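Let's have the full structure, built from the sequences with the hints guiding it.
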Amino acid sequence: MNRILPVLTVVAAIVVLWYGAAVWLNSKWVYDQAARAGTEVTTAQLISETMAQERPVLPAPHQVLAGLWDGVAGQKITSKRSLVYHGWVTLSATMAGFVLGTAAGLILAIGIVHSRAMDMSVMPWAIASQTIPILAIAPMVIVVLASLGIKGLVPKAIIAAYLSFFPILVGMVKGLRAPDGMQLDLLRTYNTPRAAVLWKLRLPSSMPYLFASLKVGVAAALVGTIVAELPAGATAGLGARLLSGSYYGQTIQIWAALFAAALLAAALVAVVGALEAVTLKRMGMAR
Amino acid sequence: EEVKLQLKWVTQAQFAGYYVAKDKGFYKEEGLDVDIMPGGPDISPTQVMAGGGADVTVDWMPSALAAREKGLALVNIAQPFKHSGMMLTCLKETGIKGPEDFKGKTLGVWFGGNEYPFLSWMATLGIPTDGSAEGVKVLKQGFNVDPLLQKQAACISTMTYNEYWQVIDAGLTPEDLVTFKYEDEGVATLEDGLYVMEDKLKDPAFKDKMVKFVRASMKGWKYAEANPDEAAEIVLENDESGAQTEKHQKRMMGEIAKLTMGSNGALDPADYERTVKILLAGGSDPVISKAPEGAYTLEITDAALK
Amino acid sequence: MSWQGWAALAFWIATSALNATIANRWGGARWARIFVPVLFGITLLVLWQGVVTGLGVSPVILPPPSMIAARFAESTALLWGDFAQTILKGALAGYVIGCGAAVLVAIAVDRSPFLQRGLLPVGNFVAALPIVGIAPILVMWFGFDWQSKAAVVVVMVFFPVLVNMVAGLAATDALQRDLMQTYSATYRQSLLKMRLPAAMPFLFNGLKIATTLALIGAIVAEFFGSPTRGMGFRISTAVGQLDMPLVWSEIAVAALAGSGFFGMMVLIEKAVTFWHPSQRVK
Amino acid sequence: MAAIPIIEARGVDLVFQTNDGPVQALRDVNLEVAKGEFVSFIGPSGCGKTTFLRCIAALETPTGGTLKVRGMSADDARRERSYGYVFQAAGLYPWRTIAGNIRLPLEIMGYPKPDQEARVEKVLELVDLKGFGKKFPWQLSGGMQQRASIARALAFDAEILLMDEPFGALDEIVRDRLNEELLKLWSRTGKTIGFVTHSIPEAVYLSTKIVVMSPRPGRITDVIDSPLPRGERPLEIRDSREFLEIAHRVREGLRAGHAYEV
Amino acid sequence: MAAIPIIEARGVDLVFQTNDGPVQALRDVNLEVAKGEFVSFIGPSGCGKTTFLRCIAALETPTGGTLKVRGMSADDARRERSYGYVFQAAGLYPWRTIAGNIRLPLEIMGYPKPDQEARVEKVLELVDLKGFGKKFPWQLSGGMQQRASIARALAFDAEILLMDEPFGALDEIVRDRLNEELLKLWSRTGKTIGFVTHSIPEAVYLSTKIVVMSPRPGRITDVIDSPLPRGERPLEIRDSREFLEIAHRVREGLRAGHAYEV
Ligand SMILES: Nc1ncnc2c1ncn2[C@@H]1O[C@H](COP(=O)(O)OP(=O)(O)OP(=O)(O)O)[C@@H](O)[C@H]1O
Ligand SMILES: Nc1ncnc2c1ncn2[C@@H]1O[C@H](COP(=O)(O)OP(=O)(O)OP(=O)(O)O)[C@@H](O)[C@H]1O
Ligand SMILES: Cc1ncc(C[n+]2csc(CCO)c2C)c(N)n1
Ligand SMILES: [Mg+2]
Ligand SMILES: [Mg+2]
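Top to bottom, those sequences are chains A, B, C, D and E. My numbering puts the first residue of the first sequence at 664, with every later residue one more than the last. My numbering puts the first residue of the second sequence at 101, with every later residue one more than the last. My numbering puts the first residue of the third sequence at 15, with every later residue one more than the last. My numbering puts the first residue of the fourth sequence at 78, with every later residue one more than the last. My numbering puts the first residue of the fifth sequence at 78, with every later residue one more than the last.
Don't take every hint at face value.
[What the hints assert, rightly or not] Among chain C residues calculated to face chain D with C-beta under 8 Å, some are:
no.	residue
1	Ala-185
2	Leu-189
3	Gln-190
4	Asp-192
5	Leu-193
6	Thr-196
7	Tyr-197
8	Ser-198
9	Ala-199
10	Gln-203
11	Lys-207
12	Met-208
13	Trp-289
14	Gln-293
The set of hints was computed from the structure by calculation and includes no laboratory data. For clarity, every value in this text was computed on a predicted model and none was experimentally measured. Every residue gets a Cβ at the ideal spot worked out from N, C-alpha and C, and that includes glycine.
Put into structure tokens, the structure is as follows:
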């Protein structure tokens, strides 16, 4: 209860604001239509019409919910109109990409912390790599991989990994360098091999950084997957759903897909958060 | 035998002929196994061809000729679309009555290889597109028709078979709108044709495969023209995103049929010459700088239609 | 693969070895800090050039760096105009607003346990809305010009900065907090004098990640509608025109701008968090 | 000594819940401290001295009994900024210089700027750290850090000064000097001081009251009111008979506390 | 005492570069320590004791002079795992339990599992922390943490034991006990011990050699070879004339070091 109440309050506040915004943003269209038809609108008319448009500027919350509900529960989950189906397609690529990206980020961070040469040469280019607009090269990646016969989940996972490795890399380079002088000195007196320093000191003390990065990384992986789904020929996945919704101006469908994606992201972040709580507790660091 | 076909856009009735041919087994009858790859806003069919990702692609001629000039030797092997479906749709309330009223207005245009017809038209009209006072302000139009509905643009690009109806579905009536069809303005360029790489055509086996492919595809197109509702349903079944609606696709199929009507698949050299002329007319910055050579072949259709 | 390819590979091996030696022997020196990454970059470019020409890759797929450089040189005015539109207007404005908002929200969240429990999950949720989904919506709301790009950037940078800042504000140790307790410091005081300084290493994590996100966001948003200038606009139209050297020139501008932006944050971070062990250890 | 008690503990209990079962840190602690007293706490390691000091400063809440400070709850007293606290570990903020660390409470309590500078200078001198104001904590030796943390607590005027082994890392000579300074400060200001130490002579030399504690669960085994004169106490007093007697009594108390362990 | 020197410092200099200009922490330090000696370092706070100990353990590199340990460079000696080091602050890893912290060096040095457990148990008992193995560091009092860090250094067999004020936070009685235990361990194992302390009696009681240092720049002002018997020393020895004489000499040396300051 203690946890639900604040969330409910905030959600309620947002819903109220949202309805207000929906009336405000959608009213222009209602007035325009009335002007074209040469009629007047009353306030009651205005409100009821702004909430029931087929292509609203901002759909009302209940319209989005209805769209979500229809997509989730109104279809067989194997149907191409089911958000569960599209969500699953996206989720599987996201997870694959996240695992790949996390591994890459971790390995690079470990390398950078241990090798001066890597620190000096890789880091600037890792940064540069992230400034390449992904949407610009995603189609090329997809095209090149497709011509090599690689299709489906793998190209999407690669693009997801490309976006998610960077937050992990930046966070972990910091985290792995977080131990203070005395903690490092202690291990020096034992002449500890680097692997053991990593394992027994650097990794444990990087945990708060790791989890903050993982949360960002998993969200980034999802964005990557969705981006990759756009040029993947608008087939399946929440990204394809968003795109086709946009293409046909079906605002409600866009918002429903958007919410499905956000729910997915929130769930993934929550999973990482739960992992964090468990780990920190076991490490006696929970507060 | 396998054929990979790259579409120009997402799965929709615009490509009904190919889906029908696949679904009705016309390809199989020819011994072909066709893989139809949908496109999207970020897929450039020319690039897919350059990367060797497909054997044959559906593209518009302006973009194909421009690519050819850039060194990507695409060749038109068939032209199922006789007419152009492109138009500019304007809000009547902006006061636009004819092309002379465009000055100072904001116009929405598709880019990514689809801007050439528009640029050629403006060049013929002598209207600069740099946003200067006596010219028009050009916006890169996104996926949909919102800029018109939000009045962010006075006119937007639409296709007779697609975006125009989205404007209507949104609640505007034809009376609220003024439309300029490229055909009517005399600047129609050839749309959805089939293109392959020039060097591949030297291979007789490939040529033979394309003959079969074009024959089966045209059979599909003619079937779709005759049975528009069934064709629309076949398209719906093949739409993996599950986003298309039956109403919209059936209507689109009806409009598409008007554009394919009158084509047996063979390119009419007169249409080709007209397109080239329009593209060359682009004032200071024409789409292509000289008339291309070998940009089409009638061999395939000749063999296919025997 | 032809001789160019093998030559490039050989060059790669040689320079990697050279880099490793320099880094290990003169790693601390100023010239080495510049020389090593530059040499590494040159190596990558040579490798690229060699492989592309060696394997005969079509320039329509991947042009060689030499071709990109030539195109870059002849279109500097165009590139500058796009840079100003996308980065100076869209990305920068969005970055400042987005990061500022995230810091403020993080503080609000830290201040009130109620908000912490209410706003954080909802905030996570809102911020997790994928940009490709919101970009069209924001373009619809904020128009075609840079304002909508800035809005996309705001949404993009918000989450990483928020998460890091919240973690940072919680990063004080018990003794540090007890000290403030004994002074009966007001919330404001302990925020200003303890939580904020302690949060800085985390905050800069977020700010650094956000620099590259801001660029991506501003560029990507232009794919969904824009005036006829800007880096994203140029990239998408140039792809359609198969002008790949121009595409890569724009990408090079993005990479340069991004690295410069990131580097600036690193410098500021060094100045602000000099006391943190990660900055102190040589 | 029969003045109003400034600290008044009645049956204070404190139990920590740990992963490993509860730990009773304090049991039935009763103590009255009058305003202006100098109370030393002495007892074996882990007996609850720090915990009790933390309870007084409202950093820990007793799980049983009542604790009043200046006639109000410990937490209210904390809100009124009654405490200067020297922690067992230095706990300097790494992002502030030494002078900055000492200035911290002054900034928080809103001392005027020029006064701040003067006070920082004064206490830096008091603890022999003149010239180190611009250094950062990690550039100082352990003892210097501890002195900086003492300076920090002395820089402002708290009515009650709680010091947890402040001189543990200092050599005899500095320690003697700081002991004298502390006594001077105490008799000049009339503060009430709670002082944890492991040194019996230090406890006896400084205090008006010595509290001997015994471990697990921490309780008070002896409270000794010192007959030594208040105010100035020459260092030589440590050779007096009274002094040695009290020291003996404290040592016996301590030993008893250890008895069952060793 | 004329044995091969195990630690040999010749003209060791160390200058720290700070934001605030250079700090000369050590100047021209010369010292020879024979194998099996117990050397105490004593000197005012900030005089460079910690710094010198860190140089011996190759945690700091002298900016001048030469330093040899076991006939090789300090760093080579470190590579051969010659050192057990007790830091001035406990420095326990917060994510490991007390037992886990003590087990850390054993894991790193690859002691067999059952041996690890046995050693952890043994040293926990030695420092009176039996039953606290499963607690986390922050659940322990300051003195208990310090004892845990001593236990950590005693758990494995290093030839040279360097201890930086290990008993600073302990009460007299525990301290006496640990002093005795340390002496026993030392005479049983023949380790060489370097020991920083602020307590003159402790230094005299434990050492075969007492090094008195004076501050800024840190140098050695006196090296006293103790005439007290090696091996077992009863606590009562502290009342002997010899003991008091050495203690006096140390005190004088210390006072001299302070002179120019106070
Ligand atoms: N990392 C550092 N950077 C700059 N100066 C330092 C650093 N470490 C120590 N110093 C300086 O070196 C001098 C000696 O310090 P050291 O820690 O060796 O003293 P110490 O004898 O151990 O004192 P204490 O008994 O207080 O622990 C001090 O003046 C200190 O300020
Ligand atoms: N946060 C905590 N959680 C659990 N147990 C605790 C906690 N803090 C202290 N303890 C336990 O309470 C007891 C008393 O601790 P305290 O720190 O008060 O001892 P102390 O008398 O100050 O000892 P020292 O002289 O060693 O500093 C110890 O047994 C300790 O293990
Ligand atoms: C962003 C965007 N770019 C181009 C087109 C143009 N386009 C490609 S295929 C096709 C056929 C009509 O549906 C059209 C018009 C678009 N619609 N959206
Ligand atoms: Mg304590
Ligand atoms: Mg020291």
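Evaluation of the provided hints:
For C:Ala-185, the shortest C-beta to C-beta distance to chain D is roughly 12 Å, which exceeds 8 Å, and the interface hint is violated. The beta carbon of C:Leu-189 is positioned within 8 Å of a beta carbon in chain D (closest approach about 4 Å), and the interface hint is therefore held. The restraint placing C:Gln-190 at the interface with chain D holds, with a minimum CB-CB distance near 6 Å, inside the 8 Å limit. Checking C:Asp-192 against chain D: minimum C-beta separation of about 5 Å stays under 8 Å; hint holds.
This hint holds: C:Leu-193 has a C-beta 6 Å from the nearest C-beta of chain D, less than the 8 Å allowed. At a threshold of 8 Å, the smallest CB-CB gap from C:Thr-196 to chain D is about 4 Å, leaving the interface hint in force. Hint status for C:Tyr-197 relative to chain D: holds, with the closest Cβ pair at about 5 Å, below 8 Å. Taken as an interface hint, C:Ser-198 checks out: its beta carbon lies about 5 Å from the nearest beta carbon of chain D, inside 8 Å.
With a least beta-carbon distance of about 5 Å to chain D, the hint placing C:Ala-199 at the interface is held under the 8 Å criterion. Below 8 Å, beta-carbon pairs count as interface contacts, and C:Gln-203 has one with chain D at about 5 Å; its hint therefore holds. Restraint check, C:Lys-207 versus chain D: the minimum CB separation of about 6 Å is within 8 Å; hint holds. Because the beta carbon of C:Met-208 sits about 7 Å from the nearest beta carbon in chain D, less than 8 Å, this interface hint is met.
Because the beta carbon of C:Trp-289 sits about 4 Å from the nearest beta carbon in chain D, less than 8 Å, this interface hint is met. The interface hint given for C:Gln-293 is broken, as the beta carbon of that residue sits about 11 Å from the closest beta carbon of chain D, more than 8 Å.
The structure is inconsistent with the numbered hints 1 and 14, although it conforms to all the rest.
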